[in-house]
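Work out the full structure: start from the sequences and follow the hints.
There are 2 protein chains.
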Amino acid sequence: MNQYAIAVHGGAGTILRSTMTPEKEEAYRKGLSDAIAAGEAVLKKNGHSLVAVEKAIRVLEDNPLFNAGRGSVFTNKGKNEMDASIMEGRSLMAGAVTGVRNIKNPISLAKAVMEKSEHVFLSGEGAMKFAELMKAEREPDEYFVVAERLEQLKKAKEADKTMLDHIGTVGCVALDVHGNLAAGTSTGGMTNKKFGRVGDTPMIGAGTYANNATCAVSCTGHGEYFIRAVVAHDVSCLMEYKGLPLSEACKIVVQDKLVKMGGEGGLIALDAHGNIELAFNSDGMYRASKKQGGEIFIGIYRD
Amino acid sequence: MNQYAIAVHGGAGTILRSTMTPEKEEAYRKGLSDAIAAGEAVLKKNGHSLVAVEKAIRVLEDNPLFNAGRGSVFTNKGKNEMDASIMEGRSLMAGAVTGVRNIKNPISLAKAVMEKSEHVFLSGEGAMKFAELMKAEREPDEYFVVAERLEQLKKAKEADKTMLDHIGTVGCVALDVHGNLAAGTSTGGMTNKKFGRVGDTPMIGAGTYANNATCAVSCTGHGEYFIRAVVAHDVSCLMEYKGLPLSEACKIVVQDKLVKMGGEGGLIALDAHGNIELAFNSDGMYRASKKQGGEIFIGIYRD
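Respectively, the protein sequence lines represent chains A and B.
Each residue of the first sequence is one higher than the one before, starting from 517 at the first, in our numbering.
Each residue of the second sequence is one higher than the one before, starting from 517 at the first, in our numbering.
Hints were generated in silico from the structure; no laboratory data involved.
Note that the structure is predicted; figures quoted are calculated from it, not measured.
Glycine included, each C-beta is placed from N, C-alpha and C at the ideal position.
Mixed in with the good hints there might be a few duds.
[Stated by the list, open to error] Listed next, the in silico DSSO-like pairs over lysine-lysine satisfying Cα-Cα at most 30 Å (straight line):
hint	chain 1	residue 1	chain 2	residue 2
1	A	LYS620	A	LYS673
2	A	LYS651	B	LYS710
3	B	LYS651	A	LYS710
4	A	LYS540	A	LYS595
5	A	LYS758	B	LYS773
[Claimed, not checked] Examples of chain B residues lying across from chain A (beta carbon under 7 Å, computed):
hint	residue
6	LEU608
7	ALA610
8	HIS635
9	LEU638
10	GLY642
11	ALA643
12	PHE711
13	ARG713
Next up, the structure:
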């Protein structure tokens with residue numbers, strides 16, 4: 517039996533001690549810790565990493581603090597449009613959705629696409645039809661309306677820009693006792709986004725990737741750069757083809773390649789030996805990790 | 517100055533001599549040759565590979581024989597929903613659209629996303645709004661209605677399946693005299709597809725990838741497998757990190773990895789030295805290539 521391990525993130529960006537209150541920090545730490553606990557509960561009972569990833573992300577989606585599920589930001593039209601993806605390292609099976617609305621847990625819908633459809637990636641109205649067929653849990657618009665998000669949209673509209681300092685995403689990577697890796701990512705997108713923009717979150721290879729031969733990766737950041745750099749798959753390829761350890765691979769992609777392109781953000785990654793990397797080039801990243809028998813680590817700022 | 521080179525494909529799948537007429541074969545050969553000519557016209561005048569890729573793909577989109585643009589197949593609802601993506605190897609800039617309707621040339625819309633938006637990937641109604649803003653050329657439903665496609669939809673509906681023997685896609689890779697690579701892919705999707713399915717075509721890394729450091733790749737095949745295998749980027753990584761030549765990299769991905777997964781299809785690829793690979797594991801692939809000063813090659817079947 518392998519030793520299990522799990523890591524989660526709650527987004528990266530301009531996260532500074534100077535703009536944080538002790539209450540808010542405590543709420544974020546609790547949110548991350550709750551997610552780890554939900555995932556670990558599965559892993560502890562010899563459950564599958566895929567299920568652990570789903571459960572941990574559901575907790576982050578249900579928490580209004582994070583830009584996913586309930587806490588999703590608003591598009592230019594004042595709507596929530598959510599994306600999510602999930603991948604299993606053993607089978608390389610994957611599922612993803614983009615542009616879904618009123619779905620309580622997009623990560624579970626992505627898992628249903630993987631397990632119950634012949635497709636990998638469903639979008640918009642079509643994905644909503646599939647959700648109906650799957651009886652995916654729905655919530656009314658009000659469920660998603662969080663005062664702070666409306667304020668962000670108002671500010672973004674006034675400045676006529678998408679809000680890059682709120683590049684929130686949530687994600688999880690897990691290794692179970694059977695030696696299987698899994699990764700998942702979920703987001704409420706960019707504040708004030710237009711034109712049905714799709715970021716890296718639902719894109720297998722960019723925002724999410726898992727392969728038992730190498731690693732599981734979940735990204736958060738300025739999605740356009742993460743797509744162009746095929747970030748999650750690039751970490752895996754640096755391990756598979758160049759023989760680099762996880763730490764080296766993450767460093768090259770996050771601190772060198774992405775920085776040169778101007779791509780702000782980070783990722784969480786886990787290899788088949790249980791090594792964990794929480795890498796980011798932004799001011800901060802909400803992150804937490806735990807290995808079997810070890811203490812939980814929770815981090816927010818760069819230092 | 518580099519020697520320019522270009523290759524195009526018009527889809528892969530169950531393409532057999534036994535089911536082809538001489539007239540039909542001639543029409544396909546002419547379609548491929550016309551696309552090469554359109555791309556070469558740009559390259560010959562020291563134009564950019566990105567423009568050559570766009571021009572060649574427009575010719576294939578305008579040709580009703582190929583499943584892209586005018587010849588797009590029908591979704592379960594009897595609609596055309598088209599996807600396209602394009603990428604430039606010098607800047608790693610990219611653009612993509614999914615689920616667009618009534619757009620004459622989706623590849624040009626993808627190029628507009630790359631050049632005139634702050635995003636990489638736009639979807640559905642939002643992408644249509646962007647198209648309107650860009651004044652993208654539109655065509656009425658009738659333009660796309662091709663008798664053979666309606667017959668395919670009828671048959672697919674009767675059998676209640678998506679048609680995997682018509683996994684048509686068109687694509688182009690080009691190297692210009694400035695040494696810049698580019699790749700693009702466009703498709704009308706799967707006959708009888710449901711749920712807003714997104715295939716590999718609009719996914720940077722899966723269906724399309726270009727990087728001056730390695731190669732330009734455009735894929736065609738059973739998209740779900742191509743997404744899970746991150747095919748186009750994998751070819752690039754095998755070259756960049758393992759130091760393999762283009763031919764070896766394509767062979768591993770198409771004949772080994774994809775075959776083991778059960779992923780039918782192929783790809784066209786071109787490296788910075790002008791080496792061309794037209795690789796597929798299906799019965800056939802509509803394909804053509806030409807190097808500066810050389811003869812055009814056109815192929816359809818496996819032999």
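For each hint, the structure was consulted:
1. A/LYS620 - A/LYS673: Given that 30 Å is the threshold and the Cα spacing comes to 26 Å, the pair holds.
2. A/LYS651 - B/LYS710: Given that 30 Å is the threshold and the Cα spacing comes to 17 Å, the pair holds.
3. B/LYS651 - A/LYS710: Distance ~17 Å between B/LYS651 and A/LYS710 Cα, so the pair holds.
4. A/LYS540 - A/LYS595: holds, 25 Å
5. A/LYS758 - B/LYS773: Roughly 18 Å between the alpha carbons, so the hint for A/LYS758 and B/LYS773 holds.
6. LEU608: Given a least distance of 5 Å, the restraint on B/LEU608 holds.
7. ALA610: holds, 5 Å
8. HIS635: holds, 5 Å
9. LEU638: holds, 5 Å
10. GLY642: holds, 2 Å
11. ALA643: Hint holds; B/ALA643 Cβ to chain A Cβ min 5 Å, cut 7 Å.
12. PHE711: holds, 4 Å
13. ARG713: Holds, because the Cβ-Cβ distance from B/ARG713 to chain A comes to roughly 5 Å (cut-off 7 Å).
Hint compliance for this structure: every hint is met.
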